[in-house]
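Visitor: With these hints in hand, go ahead and build the complete structure from the sequences.
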Amino acid sequence: MFDFNHSNLDENGNPGAEIVSRIHDRFGNFPVHVQKPDLIRLNVPQTDIIPLLSWLRTETPFVQLTHLTAIDWLEEDEFELVYLITAPSLCISLMVCIRVNREKAEAESVFNLWLQAETYEQELHEMFGIHFPGSPRQGVPFILEGWQDMPPMRRDFDTVEYCNRTHPERPGREHHDSRIYVGRKFGEKGYLK
Amino acid sequence: MSLKNVIAPFSAWARAVQKPFTVPEADTFRPGADRYRGWHINDTKQCIGCGTCGDICQNGAIDMMPVDDATKGDSGLRPLVDYGRCCWCALCVDVCPSGSLGMSNNYIWIDRDPDVFRYIPGVDKKEWDDDSKGWRKEEGFNLVDPDRVPMPMMMPEEDRVKTWAEVVLGYSEKEARAEAARCVECGLCVAACPVHMHIPEYIAAIRDGQYDVAVNQIYDNNALPEMCGKVCTRHCEDVCSIGVNGDPLAIRWLKRFATEQFSDLSAVLSHDQPQIGVGKSVAVIGGGPGGLTTAFYLAIRGFKVTVFEALPQVGGATFFGIPKYRFPLPSLEKQVKLMTDWGVEIKTNHKVEADEFKQMQQDYDAIYVGTGLLKPSSLRAEGEDLPGVMPAIEMLIDHHLGKTVEVGEKVVVVGGGNVAIDAARISRRLGADVTIAYRRRMEDMPADHEEIEDSESEGVHLITQNIPLRVEQLPEGKLDFIWGPAEMVSEGGGRPRPKLVEGVENHLAVDKVIVAIGQKPDLRWLPTDVAEKITNSWGGITCDENGMTAAAGVFAGGDLVNDTADAVSAMADGLTAVDGIINYLGVGSKTEEG
Amino acid sequence: MSVFDYNTQPGFDLISETPNAGTTVDPKEVQLWFGPQHPGITGNMSVQLWMEGDSIKRGITHVGYLHRGFEKLMERRKFIQSFPIVCRMCVAEPDTTEYLLASSLEELSGLDKEVPEKAQWLRTLIMEMSRLQVTLMVLGGQVGTMGMGTAPNWTYTLRDFLLDSFEELTGGRVYHMYIAYGGVRRDLTKGFAQRLEATLDLIEERLPYLDDLILNSAVFQARTKGVSVVPTEWADEIGITGPTLRAMGVASDVRRDYPYLKYPELDFDICTAEGSDIYARTKVRRDEISQSIHIIRQILQMMPHEGAYCAKLPNMLTWTIPAGMTYTRAESSRGEMGFVMVTDGSDKIRRVHLRGPSYTNAVTILERMLPGMNIADLSATMVSLQTCPPEIER
Amino acid sequence: MRKFDPDRPWDLTTLPTTMAPKGSKPHAPTDDRCFLGAGDVPAAPKLQEAVATIKNWFRASSLNVLAFGTGCGAIELRPLSTSRFDMSRFGISGAPSPRQANVFIISGYLSTKTLKRVIRSYEQMPNPKWVVALGSCTINGGMYWDSYNTIKVLDLYMPVDVYITGCMPRPEALIAGFDYLMQDIKKGEANGWHHYLENLEWYRDNQKKVITDWDLPNYSW
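Line by line, the protein sequences give chains A, B, C and D. Under the working numbering, think of the first position of the first sequence as 1, with each following residue one higher. Under the working numbering, think of the first position of the second sequence as 194, with each following residue one higher. Under the working numbering, think of the first position of the third sequence as 788, with each following residue one higher. Under the working numbering, think of the first position of the fourth sequence as 1182, with each following residue one higher.
By construction, these hints were calculated from the structure, which means they are not laboratory data. No false leads were slipped in.
In the DSBU-like style, the derived pairs of lysine-lysine whose C-alpha atoms are separated by at most 35 Å in a straight line are: (1) C:K865 - A:K189; (2) B:K527 - A:K185; (3) B:K568 - A:K189; (4) A:K189 - B:K544; (5) B:K367 - C:K900; (6) C:K977 - B:K318; (7) D:K1368 - D:K1227; (8) A:K189 - B:K367; (9) B:K568 - B:K603; (10) A:K193 - B:K497; (11) B:K497 - A:K189; (12) B:K265 - B:K527; (13) A:K185 - B:K265; (14) B:K726 - A:K189; (15) B:K544 - B:K726; (16) B:K473 - B:K540; (17) A:K189 - B:K527; (18) C:K977 - B:K319; (19) B:K726 - A:K185; (20) B:K319 - A:K185; (21) B:K540 - A:K189; (22) B:K713 - B:K527; (23) A:K189 - B:K238; (24) B:K527 - B:K596; (25) A:K36 - C:K900; (26) B:K330 - C:K977; (27) C:K865 - A:K193; (28) B:K692 - B:K603; (29) B:K530 - A:K193; (30) B:K497 - B:K527; (31) B:K497 - A:K185; (32) B:K212 - B:K197; (33) C:K905 - A:K36; (34) B:K544 - B:K530; (35) B:K265 - A:K193; (36) B:K318 - A:K185.
Covered stretches of chain D (in silico footprint by chain C; criterion: 3 or more residues with CB under 8 Å from a CB of chain C, positions within the stretch not fixed): (37) 1250-1261; (38) 1271-1283; (39) 1295-1305; (40) 1319-1330.
From the three backbone atoms N, C-alpha and C, an ideal C-beta is built for every residue, glycine too.
Guide: Below you can see the structure in the form of structure tokens.
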């Protein structure tokens, strides 16, 4: 475990710069964005994620997995997995992001590094359809029961359409949008289109 | 485990003899807190039916229901709240632009029928309607932005009178988008606009930076938007829902911004109208805003349209009536160019006389008359014929045709309309010391209030409640403008009228008296038989709902027909005539009506 | 016991919920559902147990009974429309999620620099009041699960007096919807400080009795000391925060470690205890009540009386926020709560994810503590871990 | 019970006429004795009426609320049952098991996963039994109207006797709601349970539409 002593701090007293340079030395120059002094975002190739997280977990103070979640970038046909790794002793978090293909959504499990990843990975499998081979609870229903549609947190899942199809609402309502109503009442017309 | 710990819990017995916490049964239904978010109440008189409450409601709990006739400034809709959806977040109350919506601190409503929990607050009477307590809108927390983005103006103010350049500089892109973002898209403005422009849509397009979309929306029913963007009387802003408790949206300036983005309009505009008018011809007499509107939208549909204009330049009152520091000539020419590009034929310096009109009735399938008001009203005071007393309209026309206008050193302008202000500001730029004399109070002035402020900032003096008594000749060509003060009296409940205070005479020595107290129609050029048929008691023209006069095939519009006497109303008449002519000629089909 | 001994449930296939081939089912084993309909369960969740006598052999938790899909719903609502919905993520403690939503979006939009001073104080006040009311509730719930009725009656009533203050300030008893973008929605009412002070005095006056009923009680001590010990090695491996971690003797608190709002200007202790059992966790909560009262009194003293309580907001119906991603955190009564917030330049949230302490507490920790536990202790353990199902499944 | 309107999709008139004809047993093994005042003991109508009145009065005076916090509203049940509002003095108390309960409080939204458990618990409760629905969510979906996992209209799936609106209803509103329910019970008008048995098939159809992995018995005795 290397030592984050005070000589390693940058001039603002923030150990962030030191951490980033260590990671860069070891894993190459990832894009880094310092969101705020205690939150650094790293965009990492998918292949580097396990070596990086293992190294963080075993040799640095970044020992806690605060959460693991996914973002669906439907337009880019990718999922972004966000691992928030925290160093409780330094009070700094790393937001490690990887992109995985949306069609073949699969990522390596970090269950062997952090135990509670099993639940996160179970949820991601259920809600996004991302598969984590080797994670113990893949495919075990977590939140949903008897779900037959596509994973609901995917962007292309239309919850309103699903709702209207499955859960009827109480009838008897009509809505008049003031904009359309006024236009109709006063004979608004168009002459170009 | 010590004995102490065994005994410890028994200390609670000390409470057995004290007053219990339990609420006495009689007080069970205590009132909610002073700002409790309970059932909705709505002051339906104050409510303008803008539907912003429904827009912000993330639960879809609010439906707008018609309860009253739609009028300008009130859609006639009132919110219906579905308590099968509401979450009592009170965002509807906090966003309400008119401040009519509130919440009572009543919180008990029980029923076995789930369908009763829908009601229109204020309309469906409830026992909590008059509750004084509960959640109300507060000044310190505003979900809409009440403050307009200030319009950059020529600075310093003293420089304005030294030049004919535009005083209003126009929004930058950032300012325009920020201003457009204030819109809540209620659509009340559409009702107030005489041509019913698609205001929320083009503002949304400006907000999103899609200026080509905005311009297409604007041109959809406004053929002279750049003029409107600069000088419109903007009835829309009077009814803007944001304006109820803040500055109304700068709808006019946004339109100006959008149209100014493109120097070549035909590159961004497109239309897909069926060419129903091929082979039909229409004459438009008078190239004012109404006539140009008729000509433009008929030409789009394939009609052969010719515009006859007596002056060397089309534009009518927007050309000669509006000073160039408000509406520069290139702006007008740009719009006229689009019209000629799209097929409108324009004949300037062509004054139509009675014989030609008779011939036109033979040659053209339809005629549109929009010659406006050109005969000035007289001062109706002794001395009105003196040489230094001149009508404002003649002065404006002369000025814009490039003739030299002598105003001297000191001028009084009589009147309170936009013409009076324009005459005053032009005189100011010609170097005169200008005073405006108006019969009523400042708030009664029909002129645009921004205009009044601008004229004051340019050093124009304003004397209100001023009744001209007579004008007398003084030596050295000067005039003595004699006026008496007026007091405002309310008679019969109408708006207060000025009443002369007898026995007081004030004198004002001036070089010129410019009279701007209105114009009258001048239809002497019409053939007498036609004129008799179509003119009405005040000398104007009466039209049916299609814009057609009593003479078949003769349509009319603009100041001759309506009494609002502004450009945008004339354009609305022009649009009416477009539909009227298409119907009259029987070329429109049912399908395209929708 | 290491948490990596996943085979705490030997010979059992979780997916098919059947024994693996080659293992035999103990004929004495009984399968038992604890919840969702059960007076001892915390909220609406369930634990599936395999019992032998009254001792638990193994078990798994089931959640999802309260799943409403907040993260999905917020993706299709404008920013201001997400504001009323977010407090429902955790029913008992709505203010933390409200603050997280406001602060994360303020950070991404740059509005955070304009939040007035007074709004910061009011936010701190309501956050601390919220922590206090939940802690009171959990303290009562803790003894309630052991069949002791007096203390819950008191703590719930004391909490109710606090709810009166919430109602006066925010207009709602449970869902406050108070911390809005740019500040808070309303100013303090006249005399609010005195009334809140009186409630605090009442709570303080009652605390010694509560101590006698709870921590000093021989019955309570016998039921809790050494029961449901969370091993200290789990802290990093699972990412434990909040009172569960502080009951291990670790002085960790988001309010101190990642200072936010006005907490750096306030004087407070981070309460810790030794033992990591139910008793220690209860003791931490008991001490936090005193600390919260202390903090609220300081806030009432130090808060400016004049000034705006909300920044000038743009039109909230068309508000757009530049693309960005951040994580904000706050200390709830259960531990670290955080929002991953992603925006994409539109007028809606692109993705939001709530990180709640119950997620690890009620699933990962609880499942690993079940083997060998007496069923009578299960309720008490769940309350002491402060499991909050609506926050797990959102 | 509420009146039925032919415009509603769930109107009784749209049901097959073979369903629950008068006097016959519904499909589920129901117990005739649970029907209020009908077919009990052969007695004079006036006596039957008097017995029913007495029974209803007793029933209204001892409401036992099932301990099942189905949604947010459950958080106001603890203040209601503890010393400040003390529901016991109004004749209301909690019941840990469905077998001992006769009032089911649906405290807000129901996810489909909970709905299944709710149906099971409801059917396990002995007759007569009543359902109190809290908040907007039970009426028309509330703020979760567009959520894929919550139902919107509770009375499609189970009968509701009293709606208490508010989000969430305060303890005082709950007391008022219980009072309303008691009055209805005394008048013999709170017959949702009766309706449920009579129209079990229709309710089952609706339930099966949202509960995709249906594995409940015909009736959860």
